[in-house]
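Visitor: Listed here are the chains, written in short residue letters.
2 protein chains.
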Amino acid sequence: MAMQGCTLEVDLVSLRELVHARLESYVAAASALDASDCPETLRAAMAYSLLAGGKRMRPVLVLLACEACGGAIESAIPAACAIEMIHTYSLIHDDLPAMDDDDYRRGRLTNHKVFGEAMAILAGDALLTLAFEVIARDTQPAAVAAACCADLASAAGWCGMVAGQVADIEGEQRGEVEGRRLKDEGEDREVGIGVSAPQPSTLNPRPSALAQLEAIHRRKTGRLLTSAVTLGGRVGQADPDLLRRLEEFGKRVGLAFQIADDLLDVTGDAAKLGKGVGKDATLGKKTYPALLGVEESRRKADALIDEACALLEPLGEKSRKLVELARFVTKRDH
Amino acid sequence: MAMQGCTLEVDLVSLRELVHARLESYVAAASALDASDCPETLRAAMAYSLLAGGKRMRPVLVLLACEACGGAIESAIPAACAIEMIHTYSLIHDDLPAMDDDDYRRGRLTNHKVFGEAMAILAGDALLTLAFEVIARDTQPAAVAAACCADLASAAGWCGMVAGQVADIEGEQRGEVEGRRLKDEGEDREVGIGVSAPQPSTLNPRPSALAQLEAIHRRKTGRLLTSAVTLGGRVGQADPDLLRRLEEFGKRVGLAFQIADDLLDVTGDAAKLGKGVGKDATLGKKTYPALLGVEESRRKADALIDEACALLEPLGEKSRKLVELARFVTKRDH
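First to last, the sequence lines map onto chains A and B. Quick note on the working numbering: the first sequence kicks off at 1 and runs consecutively. Quick note on the working numbering: the second sequence kicks off at 1 and runs consecutively.
What the hints contain is simulated information worked out from the structure, not anything from laboratory work. Treat the hints loosely; a few may be bogus.
In this list, chains with the same sequence are indistinguishable; a pair is considered to hold if it fits within one copy or across any two.
Stated by the list, open to error - In silico SDA-like cross-links for lysine to any residue, where the CA-CA straight-line distance does not exceed 20 Å: (1) 55 <-> 237; (2) 300 <-> 327; (3) 300 <-> 117; (4) 251 <-> 37.
Start from the sequences, fold in the hints, and give me the full structure.
Guide: As structure tokens, then:
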């Protein structure tokens with residue numbers, strides 16, 4: 001990261017390492033879970049994706065939100081690991097031939113390319129299931145465990161992440177149909193939202209395309225990110241008012257994160273990002289910079305983070321790291 | 001069913017209808033769950049499989065186990081619906097092209113043939129996720145909800161149902177490899193367990209093939225069936241001793257059910273079964289009749305049911321229906 005010597009960087013690295021170590025022990029062959037009934041191939045497929053690395057943003061949000069409410073980070077570990085298992089399962093399934101059909105993810109072969117499609121489907125299913133086992137069994141007290149299961153299931157399910165994935169796929173299909181129609185009429189092919197594209201400007205932000213984009217992001221990525229924050233709050237024994245505050249914080253940080261992601265694809269340093277730049281534009285994907293322009297997108301993301309951080313002011317010092325992480329979302333360059 | 005006028009038949013029909021009605025309301029478009037964020041296509045795909053019908057054996061076991069412990073049937077409805085959602089998701093994924101690649105299930109097109117493969121994968125994911133939301137949100141008290149989530153997740157996951165599916169697939173793959181080797185050596189092709197096949201007899205029950213068969217069934221179907229019984233017990237506030245008793249009951253009933261299933265394929269009336277007879281033998285599948293013979297298989301199943309019912313004797317009258325259901329498992333002809 002570019003923020004040399006910053007304590008946030010130190011904190012994030014140590015939290016990521018903590019999460020990685022705990023994820024490892026959850027899926028280790030000789031784990032305390034007594035996984036002797038689990039076929040080694042299945043365990044290896046689950047571990048391949050779960051331990052692949054990544055920013056671990058969702059679990060870190062769980063831990064820091066717990067701490068912000070005065071809870072102990074250790075008590076939030078099961079929920080943190082569970083949300084990463086769910087994020088991981090969604091990536092395995094998203095990469096499948098019938099879905100996005102990707103052979104590589106972050107420079108590594110995708111799960112189904114290594115283990116075969118059947119095993120990848122099952123590894124994803126097993127990770128999704130394990131997430132709930134981990135929370136239900138390892139989170140105390142029971143009322144918090146049950147509330148966390150309900151929260152996470154709602155965020156990940158048919159009105160949340162899965163709904164967003166369906167909306168994204170159907171938006172692409174509509175775009176392809178629209179694209180073929182426009183092509184017949186001599187216009188450029190559009191993929192994604194399926195709305196023809198005059199030059200984006202702040203005077204003409206094309207509300208329906210923007211609304212569609214937000215409707216996809218809100219469910220596909222936003223719900224789970226928000227859930228990370230509320231899970232941490234629940235484990236930290238936040239009262240209903242504080243949970244609502246955390247939820248509003250999470251929604252804003254989640255959307256800002258998505259805008260920042262879109263911006264990095266346009267403006268980012270390919271070497272630091274670890275992937276090619278300009279890929280979204282090449283695919284004709286509807287993104288915030290494409291619809292609002294780079295400047296307006298930056299302003300929107302910054303405003304969201306300002307609002308989010310203001311929501312946490314009453315929490316005081318305990319929420320400092322969580323606030324810093326939110327600020328980092330729009331300052332990162334990879 | 002052939003047991004005309006029997007009160008068990010009446011009870012089962014009414015319980016099935018109750019379960020079906022409650023499943024319907026869980027996935028209805030205008031359901032109390034406020035499913036407005038769920039794309040209609042996704043909801044339709046989930047409902048297509050969930051409301052397809054079937055014996056509803058797992059949910060009925062949940063309800064009757066709860067009643068056997070002195071609990072109210074209504075209180076066990078969420079857990080009963082959840083286990084059927086999990087059973088349904090597993091069927092959707094099992095039918096996928098990368099898995100068993102079936103176009104039909106019970107005479108109806110499979111989910112992916114109607115909605116496409118992507119939607120089928122996601123509908124399965126959504127049902128699995130919804131199961132945990134339903135239990136966690138709608139089961140009281142929280143301690144029971146959390147315990148049910150842990151129980152169900154363990155039974156359905158990487159050491160349970162998913163593990164069994166992997167073991168089954170890998171057993172088939174080993175059988176195909178072994179079959180090719182045996183074919184080269186001039187013996188009959190074997191599919192499934194991959195062990196060459198002298199005539200089955202009670203004197204030579206081929207323990208390793210039998211052990212492999214049980215290891216698959218125990219996880220692929222047994223864990224979830226057992227969980228149905230323990231879920232009902234948990235909702236019925238069973239103490240740990242009673243839960244252990246119910247678990248032992250469930251294991252035996254589950255295995256007896258699988259043996260009875262194998263027997264029906266050999267001996268059943270195709271018209272009543274609603275599917276062809278002799279399919280297992282055609283596929284060269286390892287089954288109890290194939291390994292032990294029909295008579296020995298029947299004896300084994302009957303013995304398991306006798307043991308199971310004996311375990312429930314201390315529960316008295318409240319467990320009558322559950323005991324009758326267990327007895328019916330080995331008496332059914334379809």
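Visitor: Each hint needs a verdict: does it hold in this structure or not?
Guide: Against the structure, the hints:
1. 55 <-> 237: neither (26 Å within a copy, 43 Å between copies)
2. 300 <-> 327: Answer is within; shortest intra-copy Cα gap is 13 Å, inter-copy 66 Å.
3. 300 <-> 117: neither (40 Å within a copy, 37 Å between copies)
4. 251 <-> 37: Classified as between: cross-chain Cα gap 16 Å, same-chain 40 Å, threshold 20 Å.
In summary, the numbered hints that this structure violates are 1 and 3.
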